[in-house]
Structures are given as structure tokens and as C-alpha cells.
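Here the protein sequences come in this chain order: H and Y.
Under numbering that gives the first Met the number 0, the first residue of the first sequence carries the number 0, and numbering increases by one thereafter.
Under numbering that gives the first Met the number 0, the first residue of the second sequence carries the number 0, and numbering increases by one thereafter.
Just so you know, these hints were derived from the structure itself, not from any lab.
The reader is advised that the hints may include incorrect statements.
Claimed, not checked - Distance ranges between label pairs, derived from CB positions: (1) H:N175 / Y:Q376: 26 to 34 Å; (2) H:L201 / Y:P286: 50 to 58 Å; (3) H:S76 / Y:S370: 48 to 56 Å; (4) H:N175 / Y:D336: 37 to 45 Å.
Cβ atoms here follow ideal geometry from the backbone N, Cα and C, with glycine treated the same way.
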Amino acid sequence: MINISPDIKFKKQLKQVSKSSLNECMQCGTCSVVCSLAPEDRPFPRKEMIWAGWGMKDKLIGNPDIWLCHQCGDCTSYCPRGVNPSDVIAAVREITYQHYAKPKFLGKILNNPKWLPVAILIPTVIISAILFTAGTLQIPEGPVNYSKFFPHAWLNSSFTFLWILSIGLGIVGLRNFWNDMKRQNEEFESKGNFIQNLFMILKEITLHSNFSTCTAQKTRKIAHLLVFYGFIMLLVVTAFAIYAALTHNYPLGLAHPVKIAGNVAGAMLFTGLGIMIANRIFDKKNFGNSTYTDWLFLISMLLLTISGVIVEAARFLNWGIAYHLYFFHLICVWFIIIYLPYTKFGHLLYRVVAMVFAVSINRKVKA
Amino acid sequence: MSKNIGIYICSGCEIGKALDFDKLCQLASSAQNVTVCKSHKSLCSVEGFDTINNDIKNESIEKLIIAACSPRAKTEVFDFPENILLERTNLREQIAWCMEPGEEDTQMAAEDYLRMSITKVNNINIPTPFIAENISSDILVVGGGITGITAAIEAAKAGYNVHIIEKEERLGGWLNKLHKQIPYVAPYNKSIDPEIEDKIKELEQFENIKIHTSTSIQNISGQPGQFHITLLNGKAETIIVGSIVTATGWQPYDANKLAHLGYGKPNVLTNVEFEEYVKNNPSRDLPKNILFIQCAGSRDKDHLPYCSGFCCGTSLKQATYIRELSPESNVFIVYKDIRTLGLYEEFYKEVQKDDQIFFTKGEIEEITEKSGNLKVQVKDTLIGEDISLSVDMIILATGMVPNSTLDLNLNYRLGKGLPELKYNFSDSHFICFPYETRRTGIYAAGSLRAPMDIAASKSDATGAMLKAIQTIEATKRGEAVHPRSGDKSYPELYMDRCTDCKRCTEECPFGAYDENEKGTPIQNPTRCRRCGICVGSCPERVISFADYSINSISAMIKSVHVPDEFEEKPRILVFVCENDAYPAMDMAGQKGLKYSPYVRVIPVRCIGSVNKVWISDALSQGFDGILQIGCKPGDDYQCHFIHGSELTETRGENIQETLETMMLEPERMRTEFVEITDYDKIPQIINDYVEEIQLIGPNPFKDM
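Given the sequences, and given the hints that come with them, work out the whole structure.
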């Protein structure tokens, strides 16, 4: 027995984000039948569609199924009423970032184009403040050496701090998310601890096998794999760079294996992002409705990648505007890092947690 | 018996291959009163038709026998002047196409059929129509709601004078109480303002419509063409009309019986009460959460087992104006099925677009109330689990119950009101004859007849009024109305032998007979539908039609040559109802289905018109068995005369008892019922019975 109290604001937001008419869903269940991932028991997304129509926010937000969906778009292609279930599910994910955002205002400004200037201003001001404090807020003389502009100690410590802060705030949201999922699924016994269950899903995360079940979107898997591993490699390279800055002669030469890995990772990221963006622009039929949140994430990642490559080139070529480019690149980096839990990048956290939760209540996708 | 009979036998359509024509002609030529007998290879051709027509002129043919296809076929070709008596002998569908060609038995059947036809025309006459005096062409409309108003306007437009009576002070009925109406015109997407004011204005413009408000009916007597109506409006006033359309409408189902759906608790209203509340309260303070319960007491075996058809549309309409009047309100609609028939689906789709109208299928489990708040538990929902709704108001979508027709105050032997069918609606025949009640000349329209909404009521009013007009015009010509439209015969009673047994007055499905205080039947010929059930009912055999009489059928039975030696040739007499069973037999022939040639078929107006004396005549004639094939009885009956088939069943039991007292096997008489589509069962019905009779053995009365 569930008490019904429709959240009209939430319903309107869902409709606006998903561009779905919601109400026209006639609960035929075609979506759940064609879905290649929906579990046999309580399959999605039919039940999500009526919850959406009835404004049942708690049910949707605290629902791991929302994150088991890889948005292949099969349900939308087959929906006889044109209500776009896959976009509705995507919209729920988008609203989830805002719902669990701590502090709340960050969730708001990152999902509304109106606030984009503020969103850009925040990392700009922080970086400027650090440089001002370090006393290096000026263009250094001589050949390009970024550490003169942003001393390694300052860079590494603030970079590390921001990562920890960002992940920390993310974890606060994830805790609430986890508790909500538990409340909504209390009839199911949970088994294992978080780490054990995380281990269970590592294979899926590393191989992306659920992506293969998408029929409408052939190139998605490869694109996501490129971006995924490209980004991880860059993280590793960066961590090594922090270490190297302390122990090695920095910067590393072009032939250094870590340097090579960094450049390869950049190329992977660029290729993956290129495929993703091209798909969204040229294959709307299969890739559905792209929201502001989708574009913000893709474009900020792309700018990060491109600016990174240019900054590297500028150093070798000793360009005059190298420091300006570097400053821009840093804004991109920080934009992505500090906003991780509030942008689409947040799916890295929420999807993993939801998948772990699904394992804990023994909910398995069909594939 | 000086009538000149002309017989024309057709050899087309394989009849020629099946039969020996010389023998048939020889038989025909030697028969009584036959002046001409000709055969032709295609009587329905221009040449064939001209042959007949020339003989009518040159040989003064007055009675015509066409032995060819079924009387149901080619009626547009074999169309002769009214002074010619036409008999069609069915050699095609019921002999040539269903019996073995060239066989002796087939030939014998054809000869018997021809003998029966000759005997028939020698024993019947062309009917002289009964034309009542002083026939009124005025029409009475009972009930001034949307149905009555529409019916009156339709009649007035067709040029008839109309009296419309309404018991309330004002015309308009239920529509006066509406705040909005369900959209019934394209694009069907928005509730519309009530149209009743315009309709009343339109009605008032007609000079040939007389409006009687605050008026009731004290008495209705007479018959189509001459209904005497005593109206009561302070004083009594008598008017005479030709026919009546009654549209006295409906009442909402008694919500006091719906305590399980919360009725009786504060803020639980019916759809009708809510509509009136909104109409009469300009402030219209509507609460935040409102729940509609569909099928409240409908489609429920403990209450109304049927769907009223209008409640879903009404709730959708009310939901839309709630949302307009109170944009903050949430509306929940719990239904069994949303039934928005036809283009009302467009309205449903439009209402679905509203973000604060929530639909779910579901069953109400429990409703509890606590300080004005109603908690409703619903199971079997679309949400996938049981839900609990907390609402401030519940609107029960209750259905329609037809009003009683007793206040028509019919001065009829069979009662004051109209007979009711399923669920107490005054309908006549669910399948074929809408608007017809069982009181000829009185037509039911609107939700008195069947549950329906405004748009359906209006089209119903038009249909019923057409029937009322047809009745007047048919009565003027002395003709029957549906289903024997155009029949000019009527029952003639030989009163000297009547014993006042009241069988005819009780059994007439249409109340055509009244009675005097002694119980003697008083005829109202224009009420009669000419089914002949009274012919079948009369133990004294005093009722006959000019062209369908006790004597004519008896003579036909006696004209059949029954062979002496049973072992070879048994004979079964088959009475077949003309309405559905006879066409089914024709279809069996058309499909080439074969059956025994030992049967001799006599079509009857209704299986209920078979008189007991025909059975005993057949048995004395030597027939070994008698089979009656009628149309299917029951609630969704096929019987065109309502209960002819059922009467036959009861009468059949009595006859079987009589057979036993005569030391005859009760199996010598059997009754079967078929639907018109049951043609494929005809051979089995006939052959099984022939086989059974062969086992029983010959009729001991043969040759006595």
C-alpha cells in the first residue's frame, strides 16, 4: 500500500526535461518487452512511466532501475504512443543529480543555461585567488614553463584538495541516494557488503557488455569505452605527474612512456567524444533528445581535451599565449572536477552505486 | 370458386434437371380452377415475365402460382398488380437444390408442393385492408427532455402536428441541471455550454407544436391512428393522435445503496449532485483533491449489471471544469474501463493531457473518513501495487435507471405501462427493431429505451419519430407496420363460436385485443402486427386472416399425397417460421446442402401461429411426424413477435400429452429453434428427425 501524493512540480520538470507527454502512456508495456536489459521480475520502464505520470518522485529517485538502463532507445523506437520512455528515464537521472546536490545551489546552476556564466566564474575566481595567493598571477618571463605560472606545490595540493572535496560532497549525496533506495526497496533482503558487491560489477564496468545489447546505437559502446579508458589513463598520468613533479625532472620528455600514455589517452578521449557528439547531432532518431545537461558535459570534456593538447603544443612551440591557454585549460579541469557530482559526470558515481545496490538486492539485468 | 388460376413452372436454375416437367404440368392442368399451365426455361427473364403478363390480360388470370425459386427471391421481378393473388412454390431452394435430382422422391416432393400451392390459392382471398375512420395524423411526444424536444422538432419539420407534454413546469429535463455538456461535435476536445435554451427556443418557433407543461396523462385508449389521450393539467383535456413517442427518460441509480463506495459520508456526491452543485453555486469552492469512482454501482452484479454509457464522458467533462475552476486541484479517476465510445475517444485523449488528472484502473477496497478527509484504498491498480488516496471529495459516477412507463396509463388489457425487456428498459428487440415497443404505435426513445447520452438520445429521437410517422401512414393505407410492413390482412373473428376463453387476449404479444367485462375479445386492428399468434392460440379456431386461415392450412395439409406403405416413404410435415427459420432453409439450399425428400414444408407467419388442429389434421392425414422449426427464443431473442417461440414450447408440451392420450408416441411432434445463420444445421435437424421417425415406425392412423 502506497500513499499517493503527486509531486506536480516534479512531474512538470520531468516533462520539460524529457520533452515527453508522459500522460499519453497507456501502460501497454511494449517498452518493457523490447528492453534488452529489463529484469524478468518488475521490468522497466513501464512502471517508471506511470510513476512519472503520477508525479511519484520518491519512487523514481530511489529506484536503482533508472541506472540499469543504458538508454539505448529501443523503448522509444517501439512506443506506440510516442512518449519516449528512454528520455523520461534520462530525465529522472538528470533530476537525480540536482536532487542529491550538496550544496543545493550547485545542482541548480549546473542544470540551467541561465546560470552558465556563474558556473564558469566560480573556478575562474578560485584559480585566480590561488594564483594571487601564490603571488604568480602574471605572465612569467622566458621560455614557456607552466610551473612558473602555477607552482607545482600549489597546483598539486589544490588539485588533490578539490578532488577530495568534490568526491566528498558527492559521497554525501550518494549516502542519501543509497538510503532512499533502501527505503523504496525495503521488502527486498540485502546481501553482501558494499565492497563485495562493487567487486561483482567490476567486470561489467570494465567490459561494458550491457552496451552491446543496444541495437539502435552501434557506435555507442566503442565511444564510451574510449572516453572511459581515456579519462582513467589521464587520471593515472596526472597522478604520476604529481609524483614525478616531486621526484623526477619535470616536465617529462616526449618519449617517456607516461608522456606517450598521456597523449594516447588524449587522442582516445577526443575520438570518443567526437563520436558521441556526432551521433547526437546527426542521428537524432536513434539518440533521442539531448538536453542542456548532456551538452554541457560533452562540450566541457571536449574543451578540456582540446585545450590540453594545445597547451602541450604551446609549451613545445613556446607560444606567447601559452599561459592564457593554460589558464583556460585549468578552468576546464576544475570545472569538471568540482562539478563532478552535479553534472552528467555524476553518473560515474550514481550509476556505480545503483548497480551495487541492484546486486545487493539480487536484481539482475536480463543481459 | 370461379377464380382463374394460372400456373407457371420454371425450369431454370437446375429445376429442369431435377424434375419431370410433363408430369408436373399434367398434375397442374387437371387441378381445380386452373385455366393456364405453362413451363418456361427462365420465368424471371423479360420473355418469361411477358408470358405471364399477357396471360393475366388475355386469359383473365386472377390467381397466379409461380413454381420456381423461393418466395424470398426475385420479388422485384415477380411484382404484379394488387388484384392478382400471387403464390410462389419453392421448387428451387427447397427441392431442386437440396434433394437428389431425377429421383422419384424428389419428384413426389415437387408434386406435393404444387398441390399444396393450388389448394392454398383455392382457399384464400386477397385481403381487403381494414381502414379505420377518422385517422389522426397528429403525434404525441411524452417527455420534454432533449429526446422529446428533438422528436417533436423532427416531426414538426416533416409537417406533422405535435403535442409535447412535460410533467415539470419547464421543458428541458436533465439538461436544465447541467453546467456543461460532453462535446458531441468535432473536434470533440472541449466541454461545451448546455444547448438546452437554444433547443427550447427552436421548438417554440414551430406553430405546429403544442407544448403542454405541468401536464400528466390520465388515460390512453384506442389504437394507432386513433389514440384518445386524456391529459391532466388542473383539468382534463382530451386529444386524439395517430401515434406516440415516449421519451420519459431516466433516474440516477439510488446512491443510498452505495455505502461501500462512501455514499452517506460527508463530501461524497453522485455525478448528478456534483453537476447541480457546480451549476447552482457561483462561488464553487472546490477542494484540492477530488476522486471520481467510475462504474459506481454499474457493471456490478449486485447493483446495475450494465454499462450506462454516459458516466465516463460525464466524469471527463466534470474533471475538465474542476481543473478550469480550481487550477490547484488534483483529480483522480479510478475506473474499471474508460468507455468513451466512438469519437468521444478524442475527448478522453484531450483530458489525458492534463497534468493534474490522474487515471488508473482499480477496485475500491475501503473508504474511511476522518474529520473531512477521505482515505480511499484501491487495489488492482496500474501503479503496480495497492494505493491509498487521501482526498477531500469523492464523486460517484452512477448509472441510469429507466423511469417507469406506468404513468402512460394505457387503458390496455395487458397493463398500464410498456412491457420491459432486459434491465427494465422498454425496448422491443435488441437486434433488429430499435424504438419498437410491444405496443404498436407507441415508440420509446432515449434513455427510457436503453442507457445513452445526449447525442445518442437525439439520434434515437429522430429514429423513433420516423417510426411514429410510418405508423400513421401505414394505418391510413390499412397496412401492418414492422416486421410485416405492408401486409393488408388482419385477423377476422367468427364471434359466434368464441367462448371468451381469453387465450387470444392474453397471448397477443402486442396487446391488440382488449376485453369487455365478460372476457370477450375486443379487436383493435391497427394495433395488430399480423403475426397470427392469436390464430395459434384459439382452441375454437375462430380467428383467421383472409390469406392465412385455419382452413387454408388444413386444406394444404390434406392435399399432400401420403403413401400407404410406410416402409418406403415416410412423410414429415414441417412448419417453418417465415422470419428466420425459412430463410435459413433457403440458405441451406443455396449452399447445396442436401436433406431428406420426405419432408413437406409449410411456411407460417410465426411458429406461435400454429394451431393445434393442424397437428391433428396432419396425423389423421397419415403424416408420421411433425417438426416445427421456429426462431430462437430467449432474452436476446430472434423471434420477430417476441414470444411466439416460447409459446410454442409450452403449447408443444401440451400437445405431446395429447399425443400420449391418443396412444401415439410423443416423439411424433418435435420443435426446434434456429437462428437465421444456422442454415448449416438444417440438414442435420431434418435428417435426424426423419431417422428417428423411421425407427418409431409408421403412424398407426395412416389409411384409416
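**OP:** Given the hint of 48 to 56 Å, check if S76 (chain H) and S370 (chain Y) actually sit that far apart at their C-beta atoms.
**Re:** Given a distance of about 51 Å, which is inside 48 to 56 Å, the answer is holds.
Original post:
So the hint says 37 to 45 Å: do the beta-carbon atoms of N175 (chain H) and D336 (chain Y) match that?
Top reply: holds (41 Å)
**OP:** Note whether the CB distance of L201 (chain H) and P286 (chain Y) lies within 50 to 58 Å or breaks it.
**Re:** This hint holds: roughly 54 Å between Cβ atoms.
**OP:** Note whether the CB distance of N175 (chain H) and Q376 (chain Y) lies within 26 to 34 Å or breaks it.
**Re:** Holds, at about 30 Å.
In the structure shown, no violation is registered for any of the earlier numbered hints.
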